[in-house]
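**Student:** First to last, the sequence lines map onto chains A and B. Under the numbering used here, the residue at position 45 of the first sequence is numbered 45, and the numbers go up by one with no gaps. Basically the numbering used here = 1-based index in the second sequence + 1000.
No lab work stands behind these hints, which were simulated from the structure alone. Please note: incorrect hints may appear among the correct ones.
Ranges between beta-carbon positions, derived for each pair [what the hints assert, rightly or not]:
{"#": "1", "chain 1": "A", "residue 1": "L156", "chain 2": "B", "residue 2": "S1130", "range": "50 to 58 Å"}
{"#": "2", "chain 1": "B", "residue 1": "P1107", "chain 2": "A", "residue 2": "S233", "range": "38 to 46 Å"}
{"#": "3", "chain 1": "B", "residue 1": "V1126", "chain 2": "A", "residue 2": "T69", "range": "49 to 57 Å"}
{"#": "4", "chain 1": "B", "residue 1": "D1100", "chain 2": "A", "residue 2": "F155", "range": "24 to 32 Å"}
{"#": "5", "chain 1": "A", "residue 1": "E153", "chain 2": "B", "residue 2": "E1091", "range": "38 to 46 Å"}
{"#": "6", "chain 1": "B", "residue 1": "E1103", "chain 2": "A", "residue 2": "E153", "range": "17 to 25 Å"}
On the chain A side, residues computed to face chain B include the following (Cβ under 10 Å) [said to hold, decoys possible]:
{"#": "7", "residue": "E9"}
{"#": "8", "residue": "W38"}
{"#": "9", "residue": "T120"}
As the structure is a computational prediction, the values presented were derived from the model and not from experiment. Here a beta-carbon is modelled for each residue, glycine too, at the ideal position from N, C-alpha and C.
So you can see what is in the structure, the chains are spelled out below.
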Amino acid sequence: MGQFELTLETLLIVALSGIGGWYLLLPRGRGVMTGPVWKVLGAAMATIGVALMAWAFGARLANTTNDLTFYALATVTIASAIAMISARNPVISALWFALVLLANSGLFLLQGAEFLSAATVIIYAGAIIVTFLFVIMLAQPRGSARYDNYSREPFLSCTAGVILCWTLLGTLHYSATVEAAPLETRELGQSDALPRPEIVAHYLATQPESRIDLTKPHVDSLGRTLFLEHYVSVEIIAMLLLVAVVGAVLIANRKRESTSS
Amino acid sequence: MGDTSLLNNYLGVGAILFTLGLVGFLTRRNLIVMFLCAEMMLQGVALTLVGFSTYHGSWGGQVFTVFSLALAGAEAAVALALIVVLFRRNESLDVSLWQDLREADQPPVTDDFEPEVLEPEVLGPVLTKSGLLPGQKGMVTPHRSIHEAIEEQRHEPVEVSHD
């Protein structure tokens, strides 16, 4: 696959399709351009925008099963994320987020983070999303709420989002091309922007405990790292969870009279 | 050291996820959906951390992600308790209702809702008219069972056509 040409016209196409697609998909009441036809058009434009942006910043063509799985999971993740922010009903939104989490845990698994993949499904999709759904059921006004049907400043937000996305991906592309170039050909100042690979390798080599060793069992090594090197952090995060639970119970159990006064 | 282009792909997905969460957080008015979008931004960062962890062959990123999972749990517990309390006060999840908390010199936000269009209420399904009105001539007498109808049919004289 040839590299996408980063000219002004293509940049304009990508930006317009991204902004337009996200703008058309966001809920905007009964105003102009809000029919199902416009939603389909918005979905198509958002797809084109994201795909062109990924192509412009050097996503590789799939050639192995691993790559194909990655592209499938990434597509599901991004499409569900777009559907999540454009769904009018918060319940539908939460369910789309659950799909984002499932695809994301698939991406974790693809990177060899087995424990995190399982933990994401159990904690996020199993506990947090269910709690969200409970609260949506508890705190849902009668019928569909009006504020769910309108977005706040959709055009400005989409523009800001596309610019941020473009900047992040452009930085990634820039750092990848600079790092790939040999040290002698780098311009002055460029090499200072990134830690040199040999420095990173030396830093990591001096920490033998935290190296990933694929011959050992995954959870065993992760637990060893967690409880030997980050023991204090584990204690602190446990304390934080305890305080959060006590606080949540205290806040939610307040009597109605005391809250209205 | 892993494959740079593979790492870049994961970082790209993380960046797009983060941006979409940001757009959702800025545009939506529902408190619950705003918190969901914040959680999605956390997921984008988690993907980035795991990508770096795999690329450098170090456990640091995965340990960090474990902590961010616990942090997300704590945040969700407190935030949802707050949402329940706020809903009890106003019977609404609209974030604009809490704009009293803004800075003193900021102008208030006015909602650009269109006037509500009430749809006519439909009471049950509407059936198409068929058959005759009750009491008209030719109406089938009620309370006649199917067996009686069959008996009637049987006793009726059958017309035989002669050639």
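**Student:** Each hint should be assessed against the structure and marked as holding or not.
**Tutor:** Here is how each hint holds up against the structure:
The hint said 50 to 58 Å for the Cβ distance between A:L156 and B:S1130, and at roughly 57 Å that hint holds. A hinted range of 38 to 46 Å for the beta carbons of B:P1107 and A:S233 is consistent with their spacing of about 43 Å. B:V1126 and A:T69 have their C-beta atoms about 51 Å apart, which keeps the hinted 49 to 57 Å range intact. Between B:D1100 and A:F155 the beta carbons are some 27 Å apart, a value that agrees with the proposed interval 24 to 32 Å.
Taken as a hint, the range 38 to 46 Å is violated for the pair A:E153 and B:E1091, whose Cβ atoms sit roughly 25 Å apart. In this structure, B:E1103 and A:E153 meet the distance hint of 17 to 25 Å, their C-beta atoms being roughly 19 Å apart. The criterion of a C-beta within 10 Å of any C-beta in chain B is not met by A:E9, whose closest approach is roughly 22 Å, and the hint is violated. Nearest Cβ of chain B to the Cβ of A:W38: about 17 Å, over the 10 Å cut. The hint is violated.
Of the supplied interface hints, the one on A:T120 holds, with its beta-carbon coming within about 7 Å of a beta-carbon of chain B, less than 10 Å.
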